[in-house]
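*Asks:* As a plain string of letters, each chain reads:
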Amino acid sequence: MGDHKKILVLFAHPRLQASVVQNAMLKAIRDLDDVTVRDLYATYPDFLIDVDREQDLLLGHDLIVFQHPFYWYSSPAIIKEWQDLVLENGWAYGTGGTALNGKYLMNAISTGGNRDAYREAGRNRFPIEDLLRPFDQTAHLCGMAYLEPFIVYSGRHMDDGQLSGHAEKYRDLITGLRDGRVNPLKRLAEGHDLSPAFTAAHKGKRHVS
Amino acid sequence: MYLDQFLLGAFVYLAAAVIAAPIATRLGLGSVLGYLVAGIVIGPSIAGFIGGSQGESVMHFAEFGVIVMLFLVGLELQPSKLWELRMPILGLGGLQVAGVATAIGAAVLWLGADWKTALTVGLILALSSTAIVLQSMQERGLMKTSVGKSTFSVLLFQDISVIPMLALLPVLAVVTASDDHSNSLISNLPAWAQPLVVLGAVASIILAGRYLMRPLFRLVAATKIREIFVAFALLIVVGITLLMQQVGLSAALGTFLAGVVLAESEYRHELEMDLDPFKGLLLAVFFISVGAGIDFGLIGEKPMMLAALVVGFILVKLAVQFALAKLYGMASEDASRFAFLLAQGGEFAFVLITFVTGLGLLGVDDAALLVAVVAVSMAFAPLLMLFDEKIIQARFASAGEQREADVIDETDAQVIIAGYGRFGMTVGRLLQANGFKSVVLDHDTEQIDVLRKFGYKLFYGDASRVDLLEAAGARDAKLLVVAVDDREKVNEIVNVAQKNFPHLRIFARAFDRVHAYELINARVEQQYREVFDASVQMAEDALVALGRHPYEAHRAALLFKAHDKDLLIQAAAVTGDREAMVDIARKGRAEINNVLDSDRSGRKISSETAWQAEDRPDA
Numbered sequence: 439m440g441d442h443k444k445i446l447v448l449f450a451h452p453r454l455q456a457s458v459v460q461n462a463m464l465k466a467i468r469d470l471d472d473v474t475v476r477d478l479y480a481t482y483p484d485f486l487i488d489v490d491r492e493q494d495l496l497l498g499h500d501l502i503v504f505q506h507p508f509y510w511y512s513s514p515a516i517i518k519e520w521q522d523l524v525l526e527n528g529w530a531y532g533t534g535g536t537a538l539n540g541k542y543l544m545n546a547i548s549t550g551g552n553r554d555a556y557r558e559a560g561r562n563r564f565p566i567e568d569l570l571r572p573f574d575q576t577a578h579l580c581g582m583a584y585l586e587p588f589i590v591y592s593g594r595h596m597d598d599g600q601l602s603g604h605a606e607k608y609r610d611l612i613t614g615l616r617d618g619r620v621n622p623l624k625r626l627a628e629g630h631d632l633s634p635a636f637t638a639a640h641k642g643k644r645h646v647s
Numbered sequence: 340m341y342l343d344q345f346l347l348g349a350f351v352y353l354a355a356a357v358i359a360a361p362i363a364t365r366l367g368l369g370s371v372l373g374y375l376v377a378g379i380v381i382g383p384s385i386a387g388f389i390g391g392s393q394g395e396s397v398m399h400f401a402e403f404g405v406i407v408m409l410f411l412v413g414l415e416l417q418p419s420k421l422w423e424l425r426m427p428i429l430g431l432g433g434l435q436v437a438g439v440a441t442a443i444g445a446a447v448l449w450l451g452a453d454w455k456t457a458l459t460v461g462l463i464l465a466l467s468s469t470a471i472v473l474q475s476m477q478e479r480g481l482m483k484t485s486v487g488k489s490t491f492s493v494l495l496f497q498d499i500s501v502i503p504m505l506a507l508l509p510v511l512a513v514v515t516a517s518d519d520h521s522n523s524l525i526s527n528l529p530a531w532a533q534p535l536v537v538l539g540a541v542a543s544i545i546l547a548g549r550y551l552m553r554p555l556f557r558l559v560a561a562t563k564i565r566e567i568f569v570a571f572a573l574l575i576v577v578g579i580t581l582l583m584q585q586v587g588l589s590a591a592l593g594t595f596l597a598g599v600v601l602a603e604s605e606y607r608h609e610l611e612m613d614l615d616p617f618k619g620l621l622l623a624v625f626f627i628s629v630g631a632g633i634d635f636g637l638i639g640e641k642p643m644m645l646a647a648l649v650v651g652f653i654l655v656k657l658a659v660q661f662a663l664a665k666l667y668g669m670a671s672e673d674a675s676r677f678a679f680l681l682a683q684g685g686e687f688a689f690v691l692i693t694f695v696t697g698l699g700l701l702g703v704d705d706a707a708l709l710v711a712v713v714a715v716s717m718a719f720a721p722l723l724m725l726f727d728e729k730i731i732q733a734r735f736a737s738a739g740e741q742r743e744a745d746v747i748d749e750t751d752a753q754v755i756i757a758g759y760g761r762f763g764m765t766v767g768r769l770l771q772a773n774g775f776k777s778v779v780l781d782h783d784t785e786q787i788d789v790l791r792k793f794g795y796k797l798f799y800g801d802a803s804r805v806d807l808l809e810a811a812g813a814r815d816a817k818l819l820v821v822a823v824d825d826r827e828k829v830n831e832i833v834n835v836a837q838k839n840f841p842h843l844r845i846f847a848r849a850f851d852r853v854h855a856y857e858l859i860n861a862r863v864e865q866q867y868r869e870v871f872d873a874s875v876q877m878a879e880d881a882l883v884a885l886g887r888h889p890y891e892a893h894r895a896a897l898l899f900k901a902h903d904k905d906l907l908i909q910a911a912a913v914t915g916d917r918e919a920m921v922d923i924a925r926k927g928r929a930e931i932n933n934v935l936d937s938d939r940s941g942r943k944i945s946s947e948t949a950w951q952a953e954d955r956p957d958a
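As they're listed, the protein sequences go chains A and B.
Here the numbering used here is used: the first residue of the first sequence is 439, the next is one more, and so on.
Here the numbering used here is used: the first residue of the second sequence is 340, the next is one more, and so on.
Keep in mind that the hints were calculated from the coordinates and are not lab data.
Treat the hints with care, since some could be wrong.
Once the Cα atoms are required to be at most 30 Å apart in a straight line, the calculated BS3-like pairs of lysine-lysine come out as [said to hold, decoys possible]: (1) A:Lys465 / A:Lys518; (2) A:Lys518 / A:Lys624; (3) A:Lys518 / B:Lys904; (4) A:Lys624 / A:Lys607; (5) A:Lys465 / A:Lys607; (6) B:Lys796 / A:Lys465; (7) A:Lys518 / B:Lys900; (8) B:Lys641 / B:Lys665; (9) B:Lys817 / B:Lys904.
Using C-beta positions, here's what the derived DEER-type ranges look like [to be verified]: (10) A:Arg453 / B:Glu891: 23 to 29 Å; (11) A:Arg563 / B:His842: 34 to 40 Å; (12) B:Asp872 / A:Arg563: 43 to 49 Å; (13) A:Pro572 / B:Asp872: 24 to 30 Å; (14) A:Val475 / B:Lys796: 39 to 45 Å; (15) A:Val475 / B:Gln474: 55 to 61 Å; (16) A:Glu567 / B:Gln865: 41 to 47 Å; (17) B:Ala884 / A:Gly550: 42 to 48 Å; (18) A:Arg453 / B:Glu605: 35 to 41 Å; (19) B:Val805 / A:Asp441: 37 to 43 Å; (20) A:Arg453 / B:Gln474: 53 to 59 Å; (21) A:Arg453 / B:Ile731: 58 to 64 Å; (22) B:His842 / A:Ala638: 54 to 60 Å; (23) A:Gly550 / B:His888: 34 to 40 Å.
We put the beta carbon where it would ideally sit given N, CA and C, even for glycine.
This is chain A alone, in the form it adopts within the complex:
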């Protein structure tokens, strides 16, 4: 059994009311203990992100989840703005930037297209894992481990049964990671290269405990 983890879900959907899948996913994890859900569009309708507050929250959690629909092969704009502002040089990376070393990062996304669209021969030409590389590298630069994304494909063509199935699975994964039932290191994203800073941080921890 691994450690108990605190999870921070940074949720971004600019039109939440129109989203079936994201709504269901959100409901499935909203009331869990030790899972902090932060609706970025609701918190910062003006995009005026409170950097100090966000950095404090990051320090208080072990696993960070970006939960969002997959827009233009990436996240909705506010997550990018959040990264631009919160992941400061000297804090998250660069000289003295060690605040996030040893933490985990994961995307939990929903797509309009089906799984087949995200293949070399498909409409979108690249597998999702490739399109998420910027997140992978962001984690790497910040000394974090980047986990295999949680993906719900073809959100628009789904019956209630399928929907609740996905929501259930998502909740399961989150609680599993929280309680140590799921070992994050066994769920590293394909092709992710653990950064030395991450490994060092964990060695340090082990020595302490």
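Starting from the known structure of chain A, fit chain B onto it as the hints suggest.
*Replies:* Okay, now just chain B, sitting in the frame of chain A:
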């Protein structure tokens, strides 16, 4: 030696004005009365600082103040504004002057005067005191109500009617008195030519006002020397006065005309600003001389007669005005307010009394008595208004004769909006555009009638009444928007709603920062300072205009707003403790400077590293 005398006289007048006006305003009597009393005190009847003949010559000089005033009245009367109010001005205003003049004229006839004197006195006493009434209405917040608008229209008509009175009263006099135009140029002309010259003079004023003044003003303004502009403005007024005197017309009429012609020009405000001090000062001197001219020997002999005349005058005015208001369909309490507001003589009466005495239409003794009647009625005006407010209005309120609150049939709305002026209406429109219906309550009948024509659904009623809020669906509604424009009323509504409908969320309009503190301390969920957002927006645009990048300026504005809200809440917690509030304000100012600086130059790390990851080890 002449200079000495002149300066001494000026000193007495100025000292009297400076001492009397503040005392009178303090007592709520208005500065006009203060000047009159000051005049009485320094006049021959009491202190004797200024003698009779000297007083008279000063008065002639001061009459120029009246001329300047009429020029300014003309400037105020933009034709478009007049057109907007034409119905109440002509209708109610015309009837008020005609009605009161007739009633008082009849009374004066009955007292034994001839018809000319009766008509003159009637017309003079029909006027009310614009200065006193406007000030009282502002103090009582009546300006925007329908009574206030009616009263204002009547005052406007009265002010305008002074012009024809000045023009026509000499006609009455001509019938009795001998020709007093001996000094005018045209009295030597043949009879057929005189009207032509008069018409020509008026036409030349209008034409010059239209076509000549503007380029002249532009030239003068281009010099950028302020006193030249002032001199030019005075030159116009003095020039017209002289021209009018030469052709035997009323100078007041001429300047008034010039004022109206210039009312639509772009130099209106500058003219007003430049001439206003002259007007004020000269009028003060004028009123002081009127006061000095009152013969107290005469009045002291028959105080009972003066009292009877004042009471009779006020009663006649009240009766006629009340009847008129009812005729115009006002509710009784509004009619009463209207009648009481206008139940006094006005400052123009002094002008006209002086004028007609000069024409020989009124004996010197009668004139003194009339001045006393008007002055006393003005002194009692504030007391009478107080009487109406405290006793009569209170009785109407308990009798329940007010317009009944509407029956509210809109019950499925989640929002109640109290007050649907420029604030509440914007809230309501945005909600409606998003498909949310609201129940709208307002207590301005006119506003409601107008908006109903536009298809809005509003209900008449006072939102601080529990039963009305309940009828509006306060039990099931989610949100109460308090957007009335009276801070006391806002507090009252908030209080009633919190007490009776604790589940209701309340968003309230705050008049200013201090009012916002009050609302925060009353635990109102959201307060909106009514001009705050617009001013922040303006500052943001100003930053952009000064060269700041629009997005940076926008962020600065947002940061400023967020920061200001924090300060507001901190300061609200220590309201009353002045030092603590000053301290918070000072710290806050330093903080916001830091916040904005670092937002621009990047946080913590001094270089421009925000938004970029260039410094990464593998880059």
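*Asks:* All the hints need checking, so say for each whether the structure fits it.
*Replies:* Tested hints:
1. For the hint linking A:Lys465 to A:Lys518, the alpha-carbon distance of about 24 Å falls within 30 Å, and the restraint holds.
2. The suggested pairing of A:Lys518 with A:Lys624 holds, with an alpha-carbon distance near 27 Å, which does not exceed 30 Å.
3. With a CA separation close to 27 Å, the supplied pair A:Lys518 and B:Lys904 stays within the 30 Å bound.
4. For the proposed pair A:Lys624 and A:Lys607, the alpha carbon gap of about 17 Å is at most 30 Å, so the pair holds.
5. Between A:Lys465 and A:Lys607, the direct Cα distance comes to roughly 13 Å. Compliance with the 30 Å bound is thereby established for this hinted pair.
6. Between B:Lys796 and A:Lys465 the CA atoms are separated by roughly 39 Å; this puts the pair beyond 30 Å, and the hint is violated.
7. A C-alpha spacing of about 24 Å is found between A:Lys518 and B:Lys900, which places the hinted pair at or below 30 Å, so the restraint holds.
8. Restraint check: the Cα-Cα separation between B:Lys641 and B:Lys665 comes to about 37 Å, which exceeds 30 Å; the hinted pair is violated.
9. As the CA atoms of B:Lys817 and B:Lys904 are separated by approximately 24 Å, the hinted pair is consistent with the 30 Å bound.
10. At about 28 Å, the CB distance of A:Arg453 to B:Glu891 agrees with the hint of 23 to 29 Å.
11. About 55 Å separates the C-beta atoms of A:Arg563 and B:His842, a value inconsistent with the hinted range of 34 to 40 Å.
12. Between B:Asp872 and A:Arg563, the C-beta spacing of about 47 Å keeps the proposed range 43 to 49 Å intact.
13. Here the CB-CB span from A:Pro572 to B:Asp872 is close to 37 Å, at odds with the stated 24 to 30 Å.
14. Between A:Val475 and B:Lys796 the C-beta distance comes to about 40 Å, which sits within the given range of 39 to 45 Å.
15. For A:Val475 and B:Gln474, the Cβ-Cβ distance of about 60 Å falls inside the hinted range of 55 to 61 Å, so the restraint holds.
16. Distance hint check for A:Glu567 and B:Gln865: the Cβ-Cβ separation is about 45 Å, which falls inside the suggested range of 41 to 47 Å.
17. For the pair B:Ala884 and A:Gly550, the supplied restraint of 42 to 48 Å holds, since their beta-carbon distance comes to about 43 Å.
18. For the pair A:Arg453 and B:Glu605, the beta carbons lie near 50 Å from each other, so the given range of 35 to 41 Å is not met.
19. Checking the proposed 37 to 43 Å range against B:Val805 and A:Asp441 shows it is violated: the Cβ atoms sit about 58 Å from each other.
20. The hinted range of 53 to 59 Å is satisfied by A:Arg453 and B:Gln474, whose Cβ atoms lie roughly 55 Å apart.
21. Distance hint check: the CB atoms of A:Arg453 and B:Ile731 are about 59 Å apart, consistent with the given range 58 to 64 Å.
22. Restraint check, B:His842 to A:Ala638: a C-beta distance of roughly 55 Å satisfies the suggested window 54 to 60 Å.
23. Range check, A:Gly550 to B:His888: about 35 Å between beta-carbon atoms, so the 34 to 40 Å window is met.
Hint violations for this structure: numbers 6, 8, 11, 13, 18, 19, all remaining hints satisfied.
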